[in-house]
Amino acid sequence: MSAIFFYNFIFYSTAVIAVVATLLMITRHNAVHALLYLIISSLSMAIIFYLLGAPFAAVLEVIIYAGAVMILFVFVVMMLNLGHRSVEQEAAWLPAKGWIVPSILAAVLLMLLVAGLGEPENLRGVHLVGVKEVGIVLFGPYLLVVELASFLLLAGLVGAYHLARRSTPPTPKYGDAQSHFTPVSDSEADEAATDQRIEEGKA
Amino acid sequence: MDILWLIPTLPLLGFTILVLSSGRMPREKARVVGIGSIALSFMTTLYIATQYYAAASHGLDHGAGFTVSLWPWIVAGDLNLNFSLYLDGLSLSMLFVITGVGTLIHIYASGYMWDDPDYTRFFTYMNLFVAAMLMLVLADNLVLMFLGWEGVGLCSFLLIGFWYKDPENGFAARKAFVVTRAGDTAFAIGLFLLFRELGSLEIQEILHRATDEWEVGANMPTLIAILLLGGAVGKSAQLPLQTWLPDAMAGPTPVSALIHAATMVTAGVYLIARTHPVFLLSPTAMTLVASVGLITLLIAGFTALNQWDIKRVLAYSTMSQIGYMFLALGVEAWDSSIFHLMTHALFKALLFLTAGSIILALHHEQDIRKMGGLRKQLPVPFWCFLIGSACLIALPPTSGFWSKEPILLAAWEVDPVFWAGAVLGAFLTAIYTTRLMILVFFYTPEGGPPETHEPKGWQLHPPLIILAALSLVAGAFHLPAADALPHAHEHHPPLWVEVTGILLPLVGIFIGYQVFLKEKWQGLRLANQQALRDFLAKGWGFDWLYDALLVKPFLTLARLNRNDLVDLVPKGVVVASTQCYYFFSRGQNGQLRFYVATMAAAAIMIISLALFT
Amino acid sequence: MTDAVIIDHAFILAAILFCLGLTGVLVRRNLVFVLISLEVMLNAAGLAFIAAGSAWGQADGQIMFLAVVTLGAAEVAVGLGLTLLLFRRFNSIDIDQLNKLKG
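Protein chains in written order, with the working numbering: chain H, 1 to 203; chain D, 1001 to 1613; chain R, 2001 to 2103.
Since the hints were derived computationally from the structure, they do not count as laboratory data.
Be aware that one or more of the hints could be misleading.
[Claimed, not checked] Ranges of calculated distance between the beta carbons of each label pair, as one might list FRET restraints: (1) H162/H - V1569/D: 52 to 58 Å; (2) I136/H - L1609/D: 26 to 32 Å; (3) G67/H - I1607/D: 19 to 25 Å; (4) D1564/D - Q89/H: 56 to 62 Å; (5) F2090/R - V1569/D: 44 to 50 Å; (6) L153/H - Q2097/R: 37 to 43 Å; (7) A1601/D - L117/H: 47 to 53 Å.
[Stated by the list, open to error] Each computed DSBU-like pair below joins lysine-lysine, with the alpha-carbon atoms no more than 30 Å apart: (8) K97/H - K2102/R; (9) K1175/D - K1552/D; (10) K1538/D - K1165/D; (11) K1518/D - K1376/D; (12) K1538/D - K1175/D; (13) K132/H - K2102/R.
[What the hints assert, rightly or not] Over 12 Å on every C-beta distance to chain H, these chain R residues come out as not near it, computed from the model: (14) R2028; (15) N2099; (16) K2100; (17) L2101.
Backbone N, C-alpha and C fix where the C-beta goes; we use that ideal spot for every residue, glycine too.
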């Protein structure tokens, strides 16, 4: 059993796991199950990154993707209460014949993409690109990428904060009867009201 | 000769003044402008004539003419046209007729139309007409002549339909315009052919080059001559385009006198006389000209026998006399034709104006069955009409005799058939003229002569008297045109030919006297044969023929195409774009998944394009 | 060489994952699931970048992957915020019903 055989075995099996996990993910009715499958898919992607000689990317994938982004999704799923109560709804929304056209489109696109790949002889093999090298490049020629990324993240942060906020009470003016703020409430009463509205929305 | 340009410009100036005054000018001033412009033109013509004769007596070649070039008009490629006027004997004769007779008719009209509310408009149109006619006659190139040709056609339309509130007058005006338009198209095609073959449109150039270029009997001059003849028959109301002239009597009487007796209808004769070298190159065309003239004069003569409207009798009589002019042109009696044109202008204008006086006196009554025995009540019209009729019948020693006899003799020289037809025509002329005289002035119906009232206005009688005097003595004048046209051959016909030509009209007078006054030989009258009489009275059925051949198919086609096939193209564009709009707006349904699918499909297309091309 | 085949197969894997993600976007009606499938597509694109960077032996692939991940994170944050807002407003996260932007 040579190292290369071992290497290929891990690569192909991880690839199969990734594909199967994604396939399962897009067909689940339960949101939480889908998210879990997505996490599996991301983890296998991380292994593949490592095998391709990109340890920095692998770690990034685990921390940011499987960590932060998925947790964000889980939070929203919880807030929207898309748990076992919405399974019937999802089942209703996924009839069998709704899969035909998207599958055909995706299959055609896949065939074209694979056909466009060309001959593999010109490709060189796998090279290890370590963290140190990435760090040097990041602080060198690609300095601006960091800045741009921070812009993007700031915009995302402000946008997300503003959009997800509950509506504020009216700001008091001088001479109003009220003399103090009522703070933004995150009370049980609001949660109950949201629940009720979900129920009404489903009906 | 420098002031030659004043002759057509003065009436044009009169027209402009009257148009710009737009009806605000009082009638007294309007008539001064209207008559004055023509009268000044006439005086300029006299002055020019003295200069012409002075130059001629200094030994200038009698056939030559004077060209006055005003400014370059159209310069395009090979076409080089100037706005230039040409004066020779022929155009000088025509100038005298137009301005002289025109002045007299204008004076008459200022009295005749006095009670009409559109007084100023009348003189506006008349001045424009005279300007256009003068331009026609003085033109040095065929395009300028065509300008005048169209101008007189337009003014004829405007003046026939002068009382436009009655739709019948509008129909008559439109009929005149459309029928002459057919002739104008032939004229235009002839112009195009002349330009293509000879490379120029100046008349004198053309006439020189034509004799160099073509030999006698060639195809091209025949074709061109026939096309020019087509234009001439349209304007001069000869076969087959003669149907408009009787209906044109819907216009006021001075209009009939000026346009449809003296000037516009003679434009065709002028055209053929002007371009006679082209016609001389084609014996076929000459025969055709003579035949057209002959047949028209016979048809018109027969028809005039059956008319009850005094103006229509005179209209058919005009048609017949112009037929004589065409016949004269066809038998190469050029100067006789122009001489007959001049004398005819004089006595036909006289007859029309006299008829106008009678009509006015009888409160606008034009039916001769309601007239009779008027010679005591209307003395001046009676004597004038008598003189005019004598000229029309060509009794010696009136001017009509001196102009018609040479035509008959020239016809004998060419072909006895032509002569026989012409003499028959003279016979018919005598009969219908006598009929007219008797029914209007002599024959007194049972109830007595109708009521007349003397029309007011001093302008009505003097022109009649002047015209009557001129008709009597015009035979003595030497025609300036004779110098510009080739001389006819000397005639030496047998004596019996001349005698028959003089006697037969007298026989006709006698027959007319017997039938209409003494009421004998009533079997000759066609009043008992209704069908034949209707056929003859309606101009030998030409109106019916043209209606069936041309008008009805056209109207049927127009009715079939009511929804306008050609309009389907723009409508189709509208329909197509609306359908595209509906189709494409279905892709804007707001469905996110549809948009993503579209993007995926587009990506597929782009990638396959990139991969496979 | 097997290594080169690995790179090629990595590209094929990326293509497969991308198309699966696309299918997910096209099929699901729940807005959250659409966003999840979108994440899968971004992931696949990132894999393609990594594989290319590995083939050339340069760090550029990983830098691009960093940018892609940043983009994905920001987009998810804003997208989920919008989802919450939409849910509160229309009481539904069915994207077939959220079709007000039509012509």
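Each hint tested on the structure:
1. The hint said 52 to 58 Å for the Cβ distance between H162/H and V1569/D, and at roughly 57 Å that hint holds.
2. With their beta carbons about 40 Å apart, I136/H and L1609/D fall outside the hinted range of 26 to 32 Å.
3. A C-beta distance of roughly 34 Å is found between G67/H and I1607/D, which places it outside the suggested range of 19 to 25 Å.
4. Checked against the hint of 56 to 62 Å, the C-beta distance between D1564/D and Q89/H comes to roughly 60 Å, which is consistent with it.
5. A C-beta distance of roughly 49 Å is found between F2090/R and V1569/D, which places it inside the suggested range of 44 to 50 Å.
6. At about 32 Å, the CB distance of L153/H to Q2097/R disagrees with the hint of 37 to 43 Å.
7. Taken as a hint, the range 47 to 53 Å is violated for the pair A1601/D and L117/H, whose Cβ atoms sit roughly 21 Å apart.
8. Between K97/H and K2102/R the CA atoms are separated by roughly 25 Å; this keeps the pair inside 30 Å, and the hint holds.
9. A threshold of 30 Å between alpha carbons decides the hint, and for K1175/D with K1552/D the separation of about 15 Å falls inside it, so the pair holds.
10. Straight-line distance between C-alpha atoms of K1538/D and K1165/D comes to about 25 Å, which keeps the hinted pair within the 30 Å bound.
11. The suggested pairing of K1518/D with K1376/D holds, with an alpha-carbon distance near 19 Å, which does not exceed 30 Å.
12. For the suggested pair K1538/D and K1175/D, the alpha carbons sit about 16 Å apart, so the restraint of at most 30 Å is met.
13. Between K132/H and K2102/R, the direct Cα distance comes to roughly 51 Å. Violation of the 30 Å bound is thereby established for this hinted pair.
14. With a least beta-carbon separation of about 7 Å from chain H, R2028/R fails to lie farther than 12 Å from that chain, contradicting its non-interface assignment.
15. Residue-level check passed: N2099/R sits 15 Å from the nearest beta carbon of chain H, beyond 12 Å.
16. Distance check for K2100/R against chain H: the nearest CB is about 17 Å away, which clears 12 Å, and the non-interface claim stands.
17. Under the 12 Å C-beta cut-off, the non-interface status given to L2101/R relative to chain H holds; the minimum distance is some 18 Å.
In this structure, the hints that do not hold are numbers 2, 3, 6, 7, 13, 14, in rising order.
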